[in-house]
Amino acid sequence: MTNTEKKSLEEGLQNRLLDYVSYVLTSARGLYKEPHSYGPMRMVDSLEKALFLLRDMGIKDDAIEESVAVIRENRWRVTSDPEAFAQALDDAILRLVKVTLKESSTSHE
Numbered sequence: 001m002t003n004t005e006k007k008s009l010e011e012g013l014q015n016r017l018l019d020y021v022s023y024v025l026t027s028a029r030g031l032y033k034e035p036h037s038y039g040p041m042r043m044v045d046s047l048e049k050a051l052f053l054l055r056d057m058g059i060k061d062d063a064i065e066e067s068v069a070v071i072r073e074n075r076w077r078v079t080s081d082p083e084a085f086a087q088a089l090d091d092a093i094l095r096l097v098k099v100t101l102k103e104s105s106t107s108h109e
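Read in order, the letters of the sequence shown correspond to residues 1 to 109 in the working numbering.
Among these hints, one or two may not hold up.
Said to hold, decoys possible - Here are the computed lysine-lysine pairs in the DSBU-like style, where the Cα-Cα straight-line distance is at most 35 Å:
#: 1; residue 1: K33; residue 2: K102
#: 2; residue 1: K6; residue 2: K33
#: 3; residue 1: K60; residue 2: K49
#: 4; residue 1: K33; residue 2: K7
Said to hold, decoys possible - Derived DEER-like restraints, expressed as beta-carbon distance ranges:
#: 5; residue 1: S104; residue 2: K60; range: 35 to 43 Å
#: 6; residue 1: T79; residue 2: L9; range: 18 to 26 Å
#: 7; residue 1: M1; residue 2: L101; range: 36 to 44 Å
#: 8; residue 1: R72; residue 2: E103; range: 43 to 51 Å
#: 9; residue 1: V21; residue 2: D90; range: 25 to 33 Å
Please keep in mind that the hints were generated in silico from the structure rather than gathered at the bench.
No residue lacks a Cβ here, since even glycine has one placed at the ideal position from N, Cα and C.
Kindly produce the complete structure, drawing on both the sequences and the hints.
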């Protein structure tokens, strides 16, 4: 990779990071006037944007992606079926705990 290509890539990632930070801050501000149920959806959107940004930087973990997939499938239930959305969050958390425990046990071997 040439220096010019590297600089262009770094600038692109810096712009994406700025977009992400801007999204999180404006979302936080917007929550003051939005319905209470939008909070979890905004958090999930922030998580997805962070995962996309990390993936574009070359950092990807399939196990984490699978843990978050259940939320993606149920994200719009936050307003129509809040209990189903809460269950999807619980399922994703449980999957992530299993990933964490697996990672922890392999790192101590």
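Right, here's what the structure says about each hint:
{"no.": "1", "hint": "K33 to K102", "in the structure": "violated (41 Å)"}
{"no.": "2", "hint": "K6 to K33", "in the structure": "violated (41 Å)"}
{"no.": "3", "hint": "K60 to K49", "in the structure": "holds (13 Å)"}
{"no.": "4", "hint": "K33 to K7", "in the structure": "violated (40 Å)"}
{"no.": "5", "hint": "S104 to K60: 35 to 43 Å", "in the structure": "violated (20 Å)"}
{"no.": "6", "hint": "T79 to L9: 18 to 26 Å", "in the structure": "violated (38 Å)"}
{"no.": "7", "hint": "M1 to L101: 36 to 44 Å", "in the structure": "holds (37 Å)"}
{"no.": "8", "hint": "R72 to E103: 43 to 51 Å", "in the structure": "violated (22 Å)"}
{"no.": "9", "hint": "V21 to D90: 25 to 33 Å", "in the structure": "holds (29 Å)"}
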